[in-house]
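Engineer: Let the hints inform the model, and build the full structure from the sequences given.
Spelled out from the first residue to the last, the chains are:
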Amino acid sequence: MSIEAIIAANRFGLGARPGDVARIAGDPRGWLLGQLTPETEPPAPLRALPSTVDDLSAFFKWVRQIAAEARAHGMDPYHLKPQGAPGAAMAGGAMAGGSGDSGFSIEREYIRTFLPRYAVAVKARFDAAVASERPFFERLVHFWVNHFVVSGAKPGAIAMPPSFERDVVRPNVTGRFLDMLMASSKHPAMLFYLDNYNSIGPNSKVGKDPSLRASGGDPAFANPQHIGLNENLAREIMELQTLGVRSGYTQTDVTSFARVITGWTIARAPRVKPIQLVLGGRLNAKGLFEFDDEEHEPGPQTIMGKTYLQTGVDQGEAVLADLAHHPATAHFISTKLARHFIADDPPPAVVERMSKTFLATEGDLRAVCSELVRSPEAFDPVPRKFKAPDDYVISAARALPALQVDAGALLRAYSSMGQTPYNPPGPNGWPDVQAEWLGADSVWKRFEWANQTAQSVASTTMNPGALAQDVLGPMLSQATSEAIARAESPAQGLTLLLASAEFQRR
Amino acid sequence: MVTRRRTLGLIGAAGATALALPRLSLAAPETDKRFVVVLLRGAMDGLSAAPAIGDPDYERARNGLALENALKLDAMFALHPNLPGMKSLYDGGELIVVHAAATPYRDRSHFDGQNLLENGSEQPYGLDTGWLNRALAQMPGSGKPLGVALNSHMPLMMRGPAAVTSWAPSLLPPPDGDTVQRLAALYGETDPLLAQNFASAQGANSVAMGSGGGAGGGYQAFVGLMTAAAKFLIQPGGERVAMVEIGGWDTHVNQAGAFSPLSTNLTTLDKGLAALKTGLGAAWRDTAVVIVSEFGRTVAMNGTQGTDHGTAGAVLVAGGAVKGGRVLADWPGLKPASLYQARDLMPTTDFRSIATGVLRDHMGLHDAQLAAVFPSKSAVKPKDGLIRA
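Sequence order for the protein chains is A and B. Going left to right, the first sequence walks through residues 3 to 508 as the numbering used here numbers them. Going left to right, the second sequence walks through residues 9 to 397 as the numbering used here numbers them.
Treat the hints as calculated values from the structure; they're not laboratory data.
Only some residues are given here: those of chain A computed to face chain B with a beta carbon under 8 Å:
#1 N430
#2 W451
#3 A481
Residues from chain A that keep clear of chain B, each with C-beta distances beyond 10 Å, as calculated:
#4 F145
#5 H327
#6 A330
#7 P403
Think of the CB as a built atom: it goes at the ideal place given N, C-alpha and C, for glycine as much as any other residue.
Structural biologist: The following block contains the structure:
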C-alpha cells in the first residue's frame, strides 16, 4: 500500500475512511489536486443552515425580545447601560443589560437562545466533514475559517460564523486571495466582530455632527456613544489576515487604513445602528454590506508610503488589493498554509516556492495549494503535525462509519478537548502548533473519548487490527499493530488504535 | 516524570517533613512560594462578602440586604456570616480584605469584564494571553510547568508563552487500568512526547484524585478543585501557581438569607479556601491566594431582592505568607453622591496594584517584569505590605 496515499488522506485530508486509501492509491497527488476546484454547492448538511440574513435577524429579534422583557420589568431598554458609558454598542447595550435592574439574566437568555442554534451548526459542519468526498477542500475551508476569524466567543457574533463560512470562505477556497479578503472585509459578521460598523471618520459629515447618527428626532438616540475611529478591523486585517505582525507597517499605517475603511458598515437606514433599528422596530432585513459616505473620512490617506487618492469605497478596495498582493502577505499566507499541512516549523524552501507562486499569480490560491501538494517535502514520511481536537474527532468518525454522535456529545467532546469550532478565543484563531493540543489534560481527555467511542461502536465481530491496516497502512508501527492484536477485546484494540500516536499524528 | 510522581505517596505519608528534604536541583523550581488565583465568575457582591457595617449609610443604602449577624472585623467592616473560615484566617493574621477594588473595566458585561480581568490589559480582548501566564513566564524555572489550571480547558488568564499543565474531573467514565497501562507502554515504544504527557496526565489524575478523593460534583466541585490544587502545589519540584474558578455569583434574585444562592456560594468559597489550607499543610505559610471577581454589584437592592451588575467590589488576599488581619480600603462611602454613576461602589483601588503587590513581594518579580505582566498606559503602583516581610 502506498505511503503517499496514506499521507494524502491523513495529512492533507480529514483521515481515511475504510477503503479510501486503496481507492486513491493509484494517484494520491492527483486525488488532492482534483479537489482544488470550486464546489458547485455547499455540502448538504450546510445547505440546511440559516442564511446570513436569518442569522442577523435572529440576533436582532432576540434583542427585541429582550427589550420587550426589559420593559415588562419596568426597565427602559434604551438605557440598559448608563448614559455616556463607552462600549454600549449594538450587542454591548443589550448584553450588559444586567446593569439595568431586574430579575432576569440577559446572558442566561442569550445562551439559552443561541446555544441550540450553535450546536446545530457545529453538528452540520461535523457531518459535512465526516461525509466529505473532498476532504482536502474541506480542510482548506477549515483553514481559512481559522484565518478570517469571526468567533462566537464575542457576544452577538455567536450566530454568524457558519454563514460567514458559507458566504466568504467556501466560494473562494480555490479562487483569488483578494476575493476572499474583500468578501471577508465586507461581510456583516466581520464588520460586527471587529467593530468596523461602528468606526466613523472624525472629519466625516457624521463625525463633525454626531447628532446625525441619531434617528429622526428620537431622543433615545440623542447622545450617540461611538463617534470616532475604531481601528480594530484595520489592525487585524494587516496583522492577522494579510501582512502579518512585525512586517514593516506602523501604527500610523493602521490608523490611516482605519480611516480608509470608515463607512464600511452593515446595511441600515443611514446612521441608525442596527440595535436601534431593532429596538425601534425598523430593522432593515437586508443585513448586508453598505458603504455610508457620510461616515467615511474624506481625503487621501497614506499607507506604507503610498498615497491613496481615491474617494468612497474605491479607496478601501484599492488598499485591500495592495495588501492582498504584498510580498509580506504572500510569505505570511504561504507560511500559514505550510504550517497547517506540513510542520509547525515549515520547511523554508516550500514556503519560498509557495510565496513565489502567490506573487506570480496574484494570489491564486489554487496555484499556491498545488505548489504545496507538489512539494516533495510535503510527502516526507515522518509525520510532523499533531491533529487538533477538531480533526482528531472528525478523523475518528471517518474511520468508524458505525459511529453515531449527537450534537450534545459532539460539543462535550470538543469542549473537553479544548477546541470548540466557530468559537476560537480571539481573532487570531486557534493556534496551529502541537504545543497547544498536547497538554496533559488534553491528551488524557482524548484518550477518554477514544475509550468511550470504542466502547460504543466495537462489536465482538469487529477486527480493529484490520481497520488499523486499512486507515493507517504503512504508517502503522509494528508496536501499535501488535498492541492492537494483543488487546483483550475489540473495544480495547479500537481504543489503542484511536489513541495511538499514528492516529493522532499526520 | 514517573519518578517524580512516584514520590507522591511518600510525601503524603511524610507530610511536612518531606518538604524539608533536600531536593534535586534539576527538578526543583526556583521558588517555594505558592500563588493561587481564584476567579469568581459572575460578579460577586463585595458588599455582602465584606459588608461595611460601620458606614453610617450602610443600613439605608443596602436596605433589605443589610446583614445583621455579620462577623465583625473592625469598626467599619465585617465578613458575611457564611465565611467563618475566613474570619478565622483574619483573626490569625492570614487574610486581607481589599475593598472598593476594581479592574480598569467600567462597563457591566460579564464577558468583557472577565476578558479584561484575565488578559490584564486595559481593554476587553486587548491581549490574547493572560496575565498569570505572563507572570509565570517571568519566573525562573527549569522549563517544566510551574502553573496548573484546575480546568478542562485553559482559561485565558493562564494562556500564553509559559508552559502550564491542567487537570479537571471528567464526565466520561474512566478507562480501565489495563487499557491505561497498555497505552502507556505503547506510547513508551512509539512516541516520547505523548508518553511524557500521558504520564503527566496520569500523575495529575493521581495527584488530584488520590487520597481524599477527587472533585465531587455540584456543590462540592469547587472544594474538590481546591483540594486538587493543593495536591499539585505541595509536590516537591511541582507546580507553584494554580488557578481555580467558580461561577454562580450573578445574584440578581433573592440574595439575602442563609440559604440563598449567594450565601451557599460563599459557604462553598469558604470551605474551598479551608480545603486549600488543609491540603497545603506546611506549604500554606509560603502561600498567597488572591480571590477576585470581574466587577462588583449595585449597592442598592433591586426589585427582586438581588443586586445588579456594578463596579467596585472586594478582593480577598489570603494565605500564610500574607500580612493579614487588616482591611485595606480607601473607603469611598455609601452616600448617594459617593457612588459610581449613582449606583455602584466607587472604585478606589486598582486590582492590578493588588496583583502586582503580591507578584513583586511574594513571587519576586521586579518592576520591568510586572510591566510585561500588566502592560498599561500609566504605571500601576504595586500595593506595599501585602506580604509578610
